[in-house]
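2 protein chains.
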Amino acid sequence: MSRTLAKDSLENIGKKIKLFGWAITVRSHGKIAFFDLRDRSGIIQIGGFSPSVVEAISALSQQDAVEVIGTVKKREEKYINKNTPLGEVEVEASEVKIVSKAEEVPFDMGGKDLPLELPTLLDHRSVSLKHPKVLKIFQVQAGLAEEFRNAAKKLDCTEIFVPTIASGATEGGADVFEIDYYGNKAFLTQSPQLYKQMLVPVFERVFTIAKAYRAEPSVTTRHLSEATQMDIEIGFIESFEDLLNALEFVGTEMIKNVSEKHEDILKEFGVEKPLVPNVVPRLTLREAQKIVSKRTGRDLSEELDLNPDDEAEICKWAKEEKKSDFVTITHFPTKKRAFYTMPDPKDSEYSLSYDLLFRGLEILSGSQRVHEHARLIERMKEKGVDPKNFGMYLMAFKYGMPPEGGFSFGLERVTMKVLELSNVREASLYPRDMERVDERFSKKEK
Amino acid sequence: MSRTLAKDSLENIGKKIKLFGWAITVRSHGKIAFFDLRDRSGIIQIGGFSPSVVEAISALSQQDAVEVIGTVKKREEKYINKNTPLGEVEVEASEVKIVSKAEEVPFDMGGKDLPLELPTLLDHRSVSLKHPKVLKIFQVQAGLAEEFRNAAKKLDCTEIFVPTIASGATEGGADVFEIDYYGNKAFLTQSPQLYKQMLVPVFERVFTIAKAYRAEPSVTTRHLSEATQMDIEIGFIESFEDLLNALEFVGTEMIKNVSEKHEDILKEFGVEKPLVPNVVPRLTLREAQKIVSKRTGRDLSEELDLNPDDEAEICKWAKEEKKSDFVTITHFPTKKRAFYTMPDPKDSEYSLSYDLLFRGLEILSGSQRVHEHARLIERMKEKGVDPKNFGMYLMAFKYGMPPEGGFSFGLERVTMKVLELSNVREASLYPRDMERVDERFSKKEK
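Protein chains in written order, with this note's numbering: chain A, 1 to 446; chain B, 1 to 446.
If you are wondering where the hints come from, they were derived from the structure by calculation, not from laboratory data.
Don't take each hint at face value.
Claimed, not checked - Computed cross-link-like contacts, DSS-like style, restricted to lysine-lysine with a CA-CA straight-line distance of at most 25 Å:
(1) A:261 / B:153
(2) A:256 / B:153
(3) B:323 / B:290
(4) B:388 / A:101
(5) A:185 / B:211
(6) A:154 / B:261
(7) A:261 / A:273
(8) A:153 / B:153
(9) B:18 / A:153
(10) B:273 / B:316
(11) B:398 / A:101
(12) A:185 / A:388
(13) B:31 / B:16
(14) B:31 / B:73
(15) B:153 / A:133
(16) A:112 / A:133
(17) B:185 / B:381
(18) B:381 / B:398
(19) B:7 / B:133
(20) B:211 / A:153
(21) A:153 / B:136
(22) A:16 / A:82
(23) A:73 / A:31
(24) B:133 / A:398
I would like the entire structure built from these sequences, with the hints used as guidance.
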């Protein structure tokens, strides 16, 4: 007998099927016993009514991998569970076999939520990910990556695979991981930034989903030491607005499509569907600061950036005034941005840069780039970056680099905000930070 | 006027359009001048007949980024160039403007091929990638990644994003890059292997395209220090054959679809369309060795693996006898495979492992895995791997790990063989090996 997935039981009412999956909750009532079986397609109730099957079910532990043979039955009206997609049916088992026995789980996995602190969940990540609610975070994440690629393809971008080992630090700053590369010094890239730019003269428009490494010696709810970036870079732009149009298209398409596809997951996380406007509100940093000042009374005239409270406030404004969960902020100060950011020709103190905010958080950053070779070298020197370490990068600017720019989404950050999680670590399967690589360093030292 | 892509000129005959792109060859004949313009969609001839335009074209250098305004003309029959997709038309320019001036290119980019040695091409990678033939390698590569994902989705796999920084070396061996991780020792993963296994109890079936790092201190035509792997892992398998069926499905689907989509590129590289059989021939290592021995007279009875000559020979056999460019080899010696490989229960000297060979090269490797926690620890100890460094990995085996297995394609290797390139570096945008990170180390020391 070949295997049937739980979700396909609905099409097999009255038929005998074989299921594989994991036991979640087990409930034994003497002469009858039940358990919920989870497979990759969903959760279904298994019932046992004969003595041998009741005995087999009663012997199950949470997370045992099992094989079930049984007949799909439509439940009586009064027993239908409307809270679950397969609540109309159950499988009356004729055979329940353990495929792989589980040890006792360190915490109860049967509830609706995992009522534990994040550090505990991360200490037991290989277990906590199996929780039916936790794993849905990563179904949403997979959907975001797919929708990002779909949107990038609509922009006619070519997918590129770029290196993560480089000879110079991407942004030229500190906070890089150094590696011993056959006796030479090399670094893990802080982003695919330089390589995607280098490929504009080759493919004009490129995208990549790539790793970004930041050795930031701080612990916040929004930073990871190893993150996943979704990057796009576009050449032959005719104006700064071309870039704003592109980023807003990708950002809204991706989030809207995933929210529609996974409406049930958003509901389970108690999250509203995002407000996606036809036109994303755009503000310069200065305009945004004025609005925040007016709304809060705080003086921001000396600030060079929006702090997290300001980001939250300007998003509140966009939601209230523009019915939008998105807002684009442009023209950040040139000195706050990396060497490749193009200063605004009208006022070089500010730059042709932007962030996309979504529900109070920056989920994207980018800019138009300096595309003239000589100007780029000047900018590097102003920023204290040594051009000698960027020979292959600079070469790309010598042979017809067109006006260009791009942007980058943090996949974990977008996931976090789509589901309104409180910590970006919840949106990373195996998060990396200064305290742990899977296991906590303090624990390992014991 | 908004931009038109070169390929859309065919739908704009008689109309005035604006083009952006790069000048390839420039030919000036006094009163008339021509150049080929490349944009992301193709190559089109631009003609100039008025004195000012002839002057502008004559002043162009190879690789200048240009803007052209002109009228699309159907060429006279005798001038039609049948060797190029846009050979039926040309654009009679009324305006040619340089958007970004190129320096003199270090070698001629106008020919059909780049008649230079690979080290020279890599020394100038940011230029050589712009060659219209070289960049097509990476259009094929993008297609392979897309078709891999499509096939993985048909197998109902969930996409996962797993870390590349780990606390233990994946295979437990040498050849790993070590990093200083906030004062702790960490490694770059040799493959996404362990993490994809850890996620089988979560999603059952997973896929990822991820980086793999190997600090192999050798230079061959088939190894990279940083490679891109396309990985799949499948749980609740009912037999070893389930895995063989899955890998052959993905391998043949991916290569067949890309070869059909990019038939023109294969032709340009002088490569035949691959022979894709309905049933991929399967041989155990021992069977393959006997066939090779018989065909070549070489005695392989003491060999534990196929060497590159053997791989070539067995592929020749598959092509001649089975009309197949693919052949699956199974049951490699247990001692030649990593600790997670399941020994064959019928003969533990051999393992439930496999390689997929394509046109003489191994493009995939994998196995059924040891899924029992206690047995896995035994296998680690036999292989000299310390279980203490794999705490999070081992945790996944305690809570109902079903029978499972998987496989991994090397994206650069598949690209290399689909286009019959002679060196895997040609199939990597910016290849990493022990001699270079973009620039050669020897050159940098100067």
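Against the 25 Å threshold, does the CA-CA distance of residue 261 of chain A and residue 153 of chain B hold or violate the hint? 16 Å, holds
Proposed proximity, residue 273 of chain A with residue 261 of chain A (alpha carbon, max 25 Å): Holds. Residue 261 of chain A to residue 273 of chain A sits at ~11 Å (cutoff 25 Å).
Is the Cα-Cα distance between residue 7 of chain B and residue 133 of chain B 25 Å or less? 17 Å, holds
Hinted pair residue 323 of chain B and residue 290 of chain B, Cα distance within 25 Å: Roughly 20 Å between the alpha carbons, so the hint for residue 323 of chain B and residue 290 of chain B holds.
Given the hinted pair residue 381 of chain B and residue 398 of chain B, is their alpha-carbon gap at most 25 Å? 18 Å, holds
Holds or violated: residue 153 of chain B to residue 133 of chain A, with C-alpha atoms at most 25 Å apart: Since the Cα atoms of residue 153 of chain B and residue 133 of chain A sit roughly 22 Å apart, the hinted pair holds (cutoff 25 Å).
Residue 16 of chain A and residue 82 of chain A were given as a pair; does the straight-line alpha-carbon distance stay at or below 25 Å? 24 Å, holds
Does residue 261 of chain B sit within 25 Å of residue 154 of chain A, going by the straight-line distance between their CA atoms? 18 Å, holds
Between residue 112 of chain A and residue 133 of chain A, is the straight-line Cα distance small enough, at 25 Å or below? 7 Å, holds
Hint check: residue 256 of chain A vs residue 153 of chain B, CA-CA at most 25 Å. Holds or violated? 21 Å, holds
Given the proposed pairing of residue 73 of chain A with residue 31 of chain A, does the C-alpha separation stay at or below 25 Å? 19 Å, holds
Can the restraint linking residue 153 of chain A and residue 153 of chain B be considered satisfied, given a maximum Cα separation of 25 Å? 18 Å, holds
When each numbered hint is compared with the structure, no violation occurs for any of them.
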